[in-house]
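When you number the sequence shown by the working numbering, it's gap-free, plus one each residue, and the end is 217.
I should point out that these hints are in silico values taken from the structure, not numbers from a laboratory.
A portion of the hints provided could be inaccurate.
Unchecked claim - Computed beta-carbon distance windows for the label pairs:
1. LEU22 x ILE192: 20 to 26 Å
2. ASN148 x PHE36: 17 to 23 Å
3. ASN39 x GLN200: 30 to 36 Å
4. LEU199 x ALA53: 24 to 30 Å
5. PHE48 x LEU175: 28 to 34 Å
6. ARG206 x VAL89: 26 to 32 Å
7. THR115 x ALA53: 42 to 48 Å
8. LEU79 x LEU167: 23 to 29 Å
9. LEU21 x GLN200: 16 to 22 Å
10. VAL96 x ILE192: 45 to 51 Å
Unchecked claim - Below, simulated DSS-like cross-link-like pairs (lysine-lysine); rule was C-alpha separation at most 25 Å, straight line:
11. LYS153 x LYS133
12. LYS205 x LYS145
13. LYS153 x LYS205
14. LYS145 x LYS133
15. LYS133 x LYS205
16. LYS23 x LYS145
Note that CB positions come from ideal geometry on N, CA and C, so glycine has one too.
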Amino acid sequence: MQNRIIEDAPNTPGQKELNPLLKFALELGPLLVFFFANNRGEAIAAAFPALGALGGPLFVATALFMAATIIALTVSWILTRSLPVMPIVSGIVVVVFGTLTLWLQDEVFIKMKPTIVNGLFAAVLLGGLAFGKPLLGYVFGQAFKLDNAGWNKLTLRWGLFFIVLALLNEVVWRLFSTDFWVAFKVWGTMPITIIFMLLQIPLLKRHALEPLFESKD
1 MQNRIIEDAP NTPGQKELNP LLKFALELGP LLVFFFANNR GEAIAAAFPA
51 LGALGGPLFV ATALFMAATI IALTVSWILT RSLPVMPIVS GIVVVVFGTL
101 TLWLQDEVFI KMKPTIVNGL FAAVLLGGLA FGKPLLGYVF GQAFKLDNAG
151 WNKLTLRWGL FFIVLALLNE VVWRLFSTDF WVAFKVWGTM PITIIFMLLQ
201 IPLLKRHALE PLFESKD
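Based on the sequences and whatever the hints tell you, model everything.
Structure representation (C-alpha cells):
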C-alpha cells in the first residue's frame with residue numbers, strides 16, 4: 001500500500017494509529033519546551049552561547065520551539081508514515097513565523113502565530129462545512145466514529161472555538177507582558193481546550209457509530 005504524506009480520510013480502513021497519550025505528548029511537547037526555554041532562557045544562553053547569540057529568552061525559546069515542533073512531526077511520520085493535518089499546518093506556521101521572529105528580531109511575529117493558526121483552522125473548518133465537507137473528521141477520525149450529522153455539528157463548534165482562541169491570543173499578547181503571554185499559551189489555552197473537549201462528550205455519545213467507552217471485560 002502506498003504511503004500518504006498527509007493522514008488518510010476519517011474511517012479509512014487499515015490506517016496506522018498513534019497511541020492517544022503519545023499523540024497528546026507529541027502535540028504538547030513543543031509547547032512545554034517553549035515555556036521552559038522562555039523561563040530559563042538566560043541559563044540556556046549561558047550554557048549554549050550559539051543560542052544566546054539569537055537574542056533574549058523569547059528568541060531562544062522560539063528557536064527551540066521550532067526544533068521541537070520539527071522533531072515531533074518527524075516522530076509522528078516515523079511511527080505512522082503520515083502527518084496529521086492540523087499539527088503540520090501549525091508546524092509550517094511555527095517555522096515561518098519563528099524564522100521571521102529570529103531574522104527580524106521582532107517578537108510580534110511569534111506572538112501572532114496562534115492568531116494566524118487558529119484563524120486559519122477556523123476558516124478551513126467553517127469553509128469546508130459551507131461546502132458540505134466536515135473536515136474535522138481528519139483530526140478525530142482515529143479517536144471515534146460519528147455519523148455525518150455529528151461531524152457537521154462538531155466541526156461547527158470547533159470552527160467557532162478556534163475563532164475564540166484567536167481573539168483571546170490577540171487580547172493577551174497586546175495587553176499583557178511577554179511572560180504572561182507565554183504562560184497563558186501553555187497553561188491557559190490547553191486547559192480551556194480540554195474543558196471545551198469535555199463539553200462535547202454528550203454530542204459525541206449521541207452521534208457515535210460505536211460505543212465511545214467500551215468495557216474491558
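Tested hints:
1. Remark: the range hint 20 to 26 Å for LEU22 to ILE192 is upheld by a beta-carbon distance near 23 Å.
2. Checked against the hint of 17 to 23 Å, the C-beta distance between ASN148 and PHE36 comes to roughly 42 Å, which is inconsistent with it.
3. With their beta carbons about 32 Å apart, ASN39 and GLN200 fall inside the hinted range of 30 to 36 Å.
4. Hint check: LEU199 to ALA53, Cβ distance near 45 Å, so the stated range 24 to 30 Å is violated.
5. Distance hint for PHE48 and LEU175: a CB-CB separation of about 33 Å, consistent with the stated range 28 to 34 Å.
6. Roughly 29 Å separates the CB atoms of ARG206 and VAL89, a value that falls within the hinted 26 to 32 Å.
7. Between THR115 and ALA53 the beta carbons are some 28 Å apart, a value that contradicts the proposed interval 42 to 48 Å.
8. Range check, LEU79 to LEU167: Cβ separation about 35 Å, and the 23 to 29 Å hint is violated.
9. LEU21 and GLN200 have their C-beta atoms about 19 Å apart, which keeps the hinted 16 to 22 Å range intact.
10. For the pair VAL96 and ILE192, the supplied restraint of 45 to 51 Å is violated, since their beta-carbon distance comes to about 25 Å.
11. Between LYS153 and LYS133 the alpha-carbon distance is near 12 Å, which keeps this suggested pair within the 25 Å criterion.
12. About 10 Å separates the Cα atoms of LYS205 and LYS145, which keeps this hinted pair within 25 Å; it holds.
13. Restraint check for LYS153 and LYS205: the C-alpha separation of about 13 Å stays at or below 25 Å, so the hint holds.
14. Taken as a hint, the LYS145 and LYS133 pair is honoured in the structure, with Cα atoms around 16 Å apart against an allowance of 25 Å.
15. The straight-line distance between the Cα atoms of LYS133 and LYS205 is roughly 21 Å, inside the 25 Å bound, and the hint therefore holds.
16. Taking the CA atoms of LYS23 and LYS145, the gap is near 18 Å; set against the 25 Å cutoff, the hint holds.
Of the numbered hints stated above, those contradicted by the structure are hints 2, 4, 7, 8 and 10, listed in ascending order.
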